[in-house]
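Relying on the hints, combine the two individually framed chains into one complex.
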Amino acid sequence: MARVIVDVMLKPEILDPQGRAVSGALARLGIDGVSDVRQGKRFEITLDGEVDADREAELERIAEELLSNPVIEDYTLRIEP
Amino acid sequence: MTARVGVVTFPGSLDDRDAARAVRLAGGKPVSLWHADADLHDVDAVVLPGGFSYGDYLRCGAIARFAPVMGSIIDRARSGMPVLGICNGFQILCEAHLLPGALTRNDHLHFICRDQRLRIENAQTAWTTSFTEGEEIVIPLKNGEGGYVADEATLDMLEAEGRVVARYLEVNPNGSRRDIAGITDPTGRIVGLMPHPEHAVEDLTGPSTDGLGFFTSALTALLR
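Same order as they appear, the protein sequences are chains F and L.
Residue 0 is where the first sequence starts when you use numbering that gives the first Met the number 0, and the numbers rise one by one after that.
Residue 0 is where the second sequence starts when you use numbering that gives the first Met the number 0, and the numbers rise one by one after that.
Calculated directly from the structure, the hints in this document are not laboratory data.
Note that the structure is predicted; figures quoted are calculated from it, not measured.
C-beta atoms are modelled at their ideal positions from N, C-alpha and C, and glycine is treated no differently.
Heads up, a few of these hints could be off.
[Stated by the list, open to error] What the simulated footprint calls covered on chain L by chain F, stretch by stretch (three residues with Cβ under 8 angstroms from a Cβ of chain F suffice, anywhere in the stretch; the number is not a length):
#1 55-61
#2 101-108
#3 143-150
[To be verified] Here are the simulated DSSO-like cross-link-like pairs (lysine-lysine), alpha carbons at most 27 angstroms apart as the crow flies:
#4 Lys141/L with Lys40/F
#5 Lys10/F with Lys40/F
#6 Lys141/L with Lys10/F
[Stated by the list, open to error] Just so you have them, the derived chain L footprint on chain F, three or more residues with Cβ under 8 angstroms:
#7 13-20
#8 60-68
Chain L extracted, bound-state conformation (with noise of 0.2 angstroms):
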């Protein structure tokens, strides 16, 4: 059986396409989902691609988290659904309170696109475990609102659980409290991460195929 995995299209998604050949890539099956459709079409995992959904009009994210298939995956993701939001999409995530904290405007003010470095802290999630805690990859990011903020304790929380998932190395590239890229939720199948897996999946077109393994491990927690 090939694992389902729904990529969501929201008004101003940019990375859905991408988001969708990285599933294929990795063996899965990609599912086409439409923000004002509740249907998830049997999916059995769930991928929130970057963008600017809605414009990101009002804060990045708030928009699009009350979309009639928003509703659907958050009843899902609470069930133990694996949900992966990339950039836009971990907005979109802690938008909809799947995910502690939110993403503010890059400390610098300036829209940032480089080859990221970092740091896999967590290789035990639904998304991570294709990698070894402690592994580097190199993958691209692209954000200007892309610094990860919550309180301390929630950040010392997260620390604690071992709920960061990635952390930047060599640059804090926007600021993000204690160079955090990405968390989970408790269950590890809910992650947020900020730099983008999906457009490293190909020699061809990425700095990397450090990505895919993003979308191997998802495939391989479906399995389980």
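Just chain F, same shape as in the assembly (with noise of 0.2 angstroms):
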């Protein structure tokens, strides 16, 4: 069995209104020292078997189509054993 994680985080350019409301909660909660916060997405995945190349490749196809849309949002996976 094998866990992949796909991270999902809008582009640095497009503004995340949600990420900028939580930094405005963090600063009526009195946190000091916040400059920014964005807010995404995390998938985890958990797969039959082992990952080889075929399937790591449709993983990544999956992430970029489906878990991701590329106009918008970048995205990291990784594989945990």
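Next comes the structure, spelled out in structure tokens:
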């Protein structure tokens, strides 16, 4: 069994109103020194069996075509043994 | 011959009935299309209605894009079939890469519902010939993720090619770049619009009947 982690974040140039709201909440809680908050998504995908090169290519395709929208988001993918 | 205009129902679509009604009031024959059925039933054009397809899970329109019916619509759209995506439909068209850019969370984070004034910027698309360029209309707007974003090069291209179909007037309700309310593809046959023309087709229920023009335009385009 393998676990695949895909993190999806809005591209740096895209406004993140949710992150900005969290940043505002931190300020109201009296937390100092926070200059920015960006909010993203994390996918944990559990697979039967091991991840070979074909499977990894398929996962990359899924991350790019479904889990993220490359117009506004970047993703990183890593495989945990 | 009466033009057949398909209206897709996805799980979570809300405005499919109003869109079908608008097609009928404009003089067309509305044809219900089901998300899981790839058969387009000989329609001449398609409306992707508003709502929350597949619960808007993942991203708005991201899962709907892969519905069986969308495979057929994408193929036909690429060969010239007119398609209008309203609100969630606009989001689906962007996710399907039939239109550039994306729709993101309103910059103020609130769901917004108001009668919105727009300026028609391009009256030559398949869905806007009933209007004149520069005409101002008022139709309802209701969205939580309606902020239109694209990179500067794409925005410049849309402007240069006259592909901004409608722009918000008076207020920018959702943080859309350059006040963009709707855009079209290079052929002018695929249009995405965040506000809702199908809710402004009768005096009894709408703020105006300004929305009807989008549907009469398509029928005119199909008869041409």
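How the hints compare with the structure:
| no. | hint | in the structure |
| --- | --- | --- |
| 1 | 55-61 | holds (count 3) |
| 2 | 101-108 | holds (count 7) |
| 3 | 143-150 | holds (count 4) |
| 4 | Lys141/L with Lys40/F | holds, 25 angstroms |
| 5 | Lys10/F with Lys40/F | holds, 13 angstroms |
| 6 | Lys141/L with Lys10/F | holds, 26 angstroms |
| 7 | 13-20 | holds (count 5) |
| 8 | 60-68 | holds (count 3) |
Going through the hint list in order, the structure satisfies each hint without exception.
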